[in-house]
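Listed below are the residues making up each chain.
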Amino acid sequence: MSARQAVTASRSLDVARIRADFPILSRRVHGKRLVFLDSAASAQKPQAVIDTERHFYEAEYANVHRGVYWLSQRATDAYEAAREKVRGLLNARETREIVFVRGATEAINLVAQSYGRTFLSAGDEVLITHMEHHANIVPWQMLRDEKGIVLKVAPIDDAGELDLDAFARLIGPRTKLIAVTHVANALGTVLPVEAVTRLAKMYGIPVLIDGCQAVPHQAVDVQALDCDFYVFSGHKLYGPTGIGVLYGKAALLAAMPPWQGGGDMIRAVTFEKTEYNELPWKFEAGTPHFAGAVGLGAAIAYVQSIGYDAIATHESELLAYAIRELSKINSLRIIGQPRRRSGVVSFDLGGVHPHDIGTILDHDGICVRAGHHCAQPTMDRFGVAATVRASFAIYNDRDDVDALVAGLSTVREVFRL
Amino acid sequence: MSELRDLYQEVILDHVKRPRNSGALAGASHRADGDNPLCGDKVTIFLSIEDGRIADVRFQGRGCAISLASASLMTEAIKDKTEAEVRAMFERFHTGLTARDEEDAANALADLDKLAVFGGVREFPVRVKCATLPWHTLVAALDRATQPVKTE
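In order, the protein sequence lines correspond to chains A and B. Just so we're aligned: 379 in this note's numbering is position 379 of the first sequence, and the numbers increase by one with no gaps anywhere. Just so we're aligned: 57 in this note's numbering is position 57 of the second sequence, and the numbers increase by one with no gaps anywhere.
The reader is advised that the hints may include incorrect statements.
Which stretches of chain B does chain A cover? Using the computed rule of at least three CB atoms under 8 Å from a CB of chain A, they are [said to hold, decoys possible]: (1) 4-10; (2) 80-92; (3) 121-134.
Result set (DMTMM-like, lysine to aspartate or glutamate): computed pairs, CA atoms no more than 20 Å apart in a straight line [as the list claims (entries may be wrong)]: (4) B:LYS17 <-> A:ASP309; (5) A:LYS147 <-> A:ASP163; (6) B:LYS114 <-> B:ASP6; (7) B:LYS17 <-> A:ASP348; (8) B:LYS17 <-> B:ASP6; (9) B:LYS81 <-> B:GLU50; (10) B:LYS79 <-> B:GLU91; (11) B:LYS129 <-> A:ASP362; (12) A:LYS85 <-> A:ASP124; (13) A:LYS32 <-> A:ASP362; (14) A:LYS176 <-> A:GLU161; (15) B:LYS81 <-> B:ASP143; (16) A:LYS85 <-> A:GLU272; (17) B:LYS42 <-> A:ASP348; (18) B:LYS42 <-> A:ASP380; (19) A:LYS249 <-> A:GLU278; (20) A:LYS147 <-> A:ASP165; (21) A:LYS201 <-> A:GLU146; (22) A:LYS249 <-> A:GLU80; (23) A:LYS32 <-> B:ASP143; (24) A:LYS32 <-> B:GLU123.
Chain A stretches covered by chain B per the calculated footprint, using a threshold of three residues with CB under 8 Å from any CB of chain B [what the hints assert, rightly or not]: (25) 158-169; (26) 201-208; (27) 411-417.
It is worth saying that the hints were derived from the structure and are not from the lab. Positions of the beta carbon are idealized from the N, C-alpha and C atoms, including for glycine.
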């Protein structure tokens, strides 16, 4: 092997081997090879995650932070080791900055309900963008209805890019929180979050970043980003459902009141007064989904064993191929043409309703998302009610793209386009 | 492809391209809005009922091929029918699309003439609500519902 080949090999990713790690990919759907292009909704699980969860339940399971017995200590150690894995993934300074939640939705609600209700008052502004997932819109609207805060929305252009100048102009003396997505789930736009946090820091405004669609595809360093909150869902990162992460800077989390009360989040309870637990457990009331956290830890280890460089190289090459091939299809319009795109491509085909396209593709074993992608304002911005979205993960290959293109020619045939 | 052609029959595609009785109906005696939040399909049904019969019917809406064609074909099928007849047709239509037993389904659709083209929808359970949205909305109009209906 030449030196050049060696360099390439170390950075490239063996898709066939990766596909073999995902048991579900070997099953057939409607007699066809499963072509899974909906990982942005939820990713499939590698054997390592399935085995880890199973082993945890079979050999190490007991409630955490409670038992004096050995097994409970084992379970607690596994749970806290998963927290350390998340810390490493995000390069957070301390593990106490990592709060386990059900998912990104719960994480944003936690920030809105705890931070928002405490530190924002009537007339204060929360600034978001026009391409947020409903999960980064609705919690702020609820806060608006309760506290009288104002929700400001930064516009996007026809390419699906954030208008950074307009964004900067929307920052004012009443702006108390900025909440933006890292990668837009409906368009695939990678937002300039570094520029957003730089701007915010000039005015001392805390920034929350929704990292759901970023974490599966690229390395994230919350210290380098200097964001105040970063959230993501485990199930999009090849982990189990029902487990997600809220990263928050320790000083902010410490100043925030708990948002749910119960066991585990307390240090001492009397009927007169309760003393809350330390970070991060202050925010983890009740028995947490620690088995899910352990599974997420395995998913992180799996992703890290492949490496984000190899993942990014593979996925960007595949995405470029998909866009090239889709662009050749008559009457197909790709929604959004961002300069930096990650993971997804959304499109319209000759005005055929995405649900009709979804049904026809499903018939060929192809899973795509058809609908508004929980981003109705984004859809409205582009004048469509819904789109078809193909999204890519480490286990997708050119055969998947070719199957999608072939499936779309069936759509054209059925609808005589 | 043949299963897909069973779903997307020529009649259905024709009604998608050239919807019948589409538009608002001035002076409608009954109207209702329906929507399917999952896919964003929306339909409004306008009725003009005279002497207990559907004297005129129009629909407005946006949606997938199945829901648009269903609305269009429904408007043709229910004209001049009595309220009771229309409700009975929906019963049979619904059975035809959802009955577990294939023969029950076929029997239900047998006397619905053109509406039998929706028989293929039964093989695509997630699409049943697309075909039934206009009918649910129609029933809501008959019931003079003031709340928009959602599909099941």
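TODO: With a cut-off of 20 Å on the C-alpha distance, tell me whether LYS17 (chain B) and ASP6 (chain B) pass.
DONE: It holds: about 18 Å lies between the C-alpha atoms, which stays within 20 Å.
Open item on the list: Verify this for me: three or more residues of the segment 201-208 of chain A with a beta carbon less than 8 Å from a beta carbon of chain B.
Closed with: Since three or more residues must qualify, the claim that chain B covers the segment 201-208 of chain A is violated, with 0 doing so at under 8 Å.
Task: 8 Å C-beta criterion, at least three residues: is the segment 121-134 of chain B covered by chain A - done: With 4 residues in contact (Cβ-Cβ under 8 Å with chain A), the coverage given for the segment 121-134 of chain B holds.
Task: Restraint check for LYS42 (chain B) with ASP348 (chain A), where alpha carbons must lie at most 20 Å apart - done: holds (19 Å)
- [ ] Decide if the proposed pair is consistent with the structure: LYS32 (chain A) and GLU123 (chain B), CA atoms, cutoff 20 Å inclusive.
- [x] holds (17 Å)
Open item on the list: Three residues or more, CB to CB closer than 8 Å: is that satisfied between the segment 80-92 of chain B and chain A?
Closed with: violated (count 0)
Open item on the list: Can you confirm whether chain A covers the segment 4-10 of chain B, using C-beta to C-beta distances below 8 Å and requiring at least three such residues?
Closed with: holds (count 4)
- [ ] Would you mind confirming whether the straight-line C-alpha gap from LYS201 (chain A) to GLU146 (chain A) stays at or under 20 Å?
- [x] violated (27 Å)
TODO: Take the C-alpha atoms of LYS81 (chain B) and GLU50 (chain B), compute the straight-line distance between them, and say whether it is at most 20 Å.
DONE: holds (11 Å)
TODO: Compare the distance between the alpha carbons of LYS85 (chain A) and ASP124 (chain A) with 20 Å, and conclude whether the hinted pair is satisfied.
DONE: violated (36 Å)
Task: Proposed proximity, ASP362 (chain A) with LYS129 (chain B) (alpha carbon, max 20 Å) - done: holds (17 Å)
Open item on the list: Given the hinted pair LYS17 (chain B) and ASP309 (chain A), is their Cα-Cα distance within 20 Å?
Closed with: Not satisfied, since the Cα-Cα distance of roughly 48 Å exceeds 20 Å.
The structure fails hints 2, 4, 5, 12, 14, 16, 20, 21, 23, 25 and 26 (numbered hints given earlier, in ascending order).
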